[in-house]
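Based on the hints, put chain P in the right spot on chain R.
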Amino acid sequence: MPEDILYSIRHLTVEYTTRAGTVPAVDDVSLDIRRGEILGLVGESGCGKSTLGKGLMRLHTGPAKITQGELWFDGRDLMTLPLDEMPEIRGAEIGMVFQDPMTSLNPVQRISDHLTETIQTHEPEVSEKEARKRSEVLIERLGIRRERITDYPHQMSGGMRQRVMISLALALRTKLVIADEPTTSLDVIVEAKFLDLLKELQKEFGLTILLITHNIGVVAEISDRIAVMYAAKMMEVGDVKDVFAQPKHPYTQGLLRSVPNIKLDGAELYKMAGAPPDLSHPPAGCRFHPRCPFVMDICKEQTPPLEVIEGNQLAACWLYPSVMAKRQEASHA
Amino acid sequence: MPETPSVGTNALQREASTSTNELVRVEHVSKFFPVQTGLFASLMNRGNVPSVRAVDDVSFTIHKGEVFGLAGESGSGKSTIGRLVLRLLEATAGKVIFDGVDLGKLSGGEMRRMRARMQIVFQDPLASLNPRMTLGQAIDHPAKIHLTKLSTDERKKRIYDILSAVGMNPAKAFYDLYPHQISGGQRQRVVLARALVTNPALIVADEPIAMADVSVRALLLDLMMKLKEEFNLTYLFITHDLATAKYVCNRIAILYLGKLCEVGPLRDVYESSVHPYTHALLEAVPVPDPTHRRTEAMPAGEIPNAINPPPGCHYHPRCPMARPNCSVDEPPLRELLPQHFTACHYAEELLK
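One line per chain: the protein sequences are R and P, in this order. Take the first sequence: its letter number 49 is residue 49 in our numbering, and every next letter is one higher. Take the second sequence: its letter number 51 is residue 51 in our numbering, and every next letter is one higher.
Simulated from the structure, these hints should not be mistaken for lab results. Mixed in with the good hints, there may be bad ones.
Straight-line alpha carbon distances no greater than 20 Å define the calculated EDC-like cross-link-like pairs of lysine to aspartate or glutamate that follow [claimed, not checked]:
id, chain 1, residue 1, chain 2, residue 2
1, R, LYS241, P, ASP289
2, R, LYS199, P, GLU296
3, R, LYS199, P, GLU283
4, R, LYS263, P, GLU296
5, R, LYS241, R, ASP32
6, R, LYS271, P, GLU229
7, R, LYS54, R, ASP180
8, R, LYS263, P, ASP289
9, P, LYS64, P, GLU27
10, R, LYS199, P, ASP289
11, R, LYS54, R, ASP77
12, R, LYS263, P, GLU283
Note that this is a predicted model, so its numbers are computed, not measured.
Same shape as in the complex, but just chain R (with noise of 0.2 Å):
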């Protein structure tokens, strides 16, 4: 694995056992996280985007099941681990931010205690006292003041509790935070500041962060590259200002069209026609076909693989030569 890359998904497909059969949430998707960067992770509700960012850390349970792949962190592949030995990468070394910070906070304890108790737990070495104190010093770099640090949940804004659970991701010097949908139940001037923060955190801890969102403009203002999911697929990944600027797969251009701009004066929405599918029940060949404008009949048949297009940026498009190249691999072989 190349140095620069922190975590590196191979071939990951996440399943659903259901009584209607199994659904794959997540469908043999690759992806690398580099070190240091902020990758958007985007797409509509139901597209996996979720299911994958808990498959980083083994989370799921129930009738979820990472059925195939690896997921190389840091130099090891976490799915060889037992599945005992996670809780130990969980929290201190990858953080997880979820959109509702008052279901992650425990509300019969106080804010102080959620610090300490993970900086104990992972680091039992430290006191007490020496971990209150770098718990001060966090939520005050955070922009919480400090006699909060004794503050229950339900006494803090949304804003602020937001700023706590990031504090509790970094109090262990996380190496990778899986933010999902972190902004959601923000007011957009909270989530404005909330979004410059992790920005700063970036800098300044040298922190990688997946930023898993339905929000386009969130992805556009602070991420460095994006990450396009649709019906369990990755279908485009590239450096942000690259896949703004020319998106290659057609999902990605009329997403990109459709999405409102408070900025942009005249410009009409773009309508893409039809639904999402039903993951159950998914179409064959590429599953962007019934919706896409520009659909030939290997798009009905096979499955596209996500290939270089041009420089850094990734597409799963049949449009392309180098997709269409490993068509022909296959059929030769």
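Showing chain P alone in chain R's frame:
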């Protein structure tokens, strides 16, 4: 189109409207909700129950045929205003005049008949549809109540027509389906169809596309605009998303903590806002363009508690322009520019 049910109004109830162009006039409407307290606290404060001032002395008019946007952050009171306009909630003070009729003076029966002319569409279509009713039954429900002159067959025909109008084709195929059998975007179309079946003049759309997928939203908005022309509708469009509002609203009102900050034609408000809160709000909206960078500082803090709102201008603790009198004098909503209203003592300084 079948005739709209007539609404019993007498001369007394019909107020002179200032202009024939006006469909809804909201006059100094307030809504306070009592705060639930424990027994001990309520005994201690007898007769002095604290209340949430969800809507506080709000006035505006909605013109016939326009899309009037009502925007604000969570807890600003925008949904409460939507319900007050339809008299789904009784106002604590003030009145709502709909097409010249003071709704507060209508009896229960009269109000029920009036409801045929005003409908609401909520954010979550799955929660709005009864899971045990077919789509046809759901749309037929208000039709049965309000379109009493139509026979069963005539109603069925009308429901097919409306299903086609909202893009659910072939209508016959959808009539007997249940809500769980169709997609989220289709469900919102059915909810629109149900709202339209009684031939209303006003539709209060409360975050109508917020639950829909990004790739489906544009089509839904487009449909709403087509229906507006086809059925001569007026929309009260309630949203927290200023970017979406830009594509549909003719005029917009910005709310903060139950009070109006700014009202005006959309373009005027977006291009030259005359309230510091609107200014911050517009600046905070994430822009889907990586070359765009926010330049202005965001206001401090978050929306305060509506039980004890700050005195004077509610926004003063966060406002970069605040002066001493802002924490004392409540700014009235005034017409700073033609048709462009602001509730800021120092709005003149924002004029470009």
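Here is what the structure says about each hint:
no., hint, verdict
1, R:LYS241 to P:ASP289, "8 Å, holds"
2, R:LYS199 to P:GLU296, "16 Å, holds"
3, R:LYS199 to P:GLU283, "18 Å, holds"
4, R:LYS263 to P:GLU296, "15 Å, holds"
5, R:LYS241 to R:ASP32, "18 Å, holds"
6, R:LYS271 to P:GLU229, "19 Å, holds"
7, R:LYS54 to R:ASP180, "9 Å, holds"
8, R:LYS263 to P:ASP289, "9 Å, holds"
9, P:LYS64 to P:GLU27, "17 Å, holds"
10, R:LYS199 to P:ASP289, "17 Å, holds"
11, R:LYS54 to R:ASP77, "16 Å, holds"
12, R:LYS263 to P:GLU283, "10 Å, holds"
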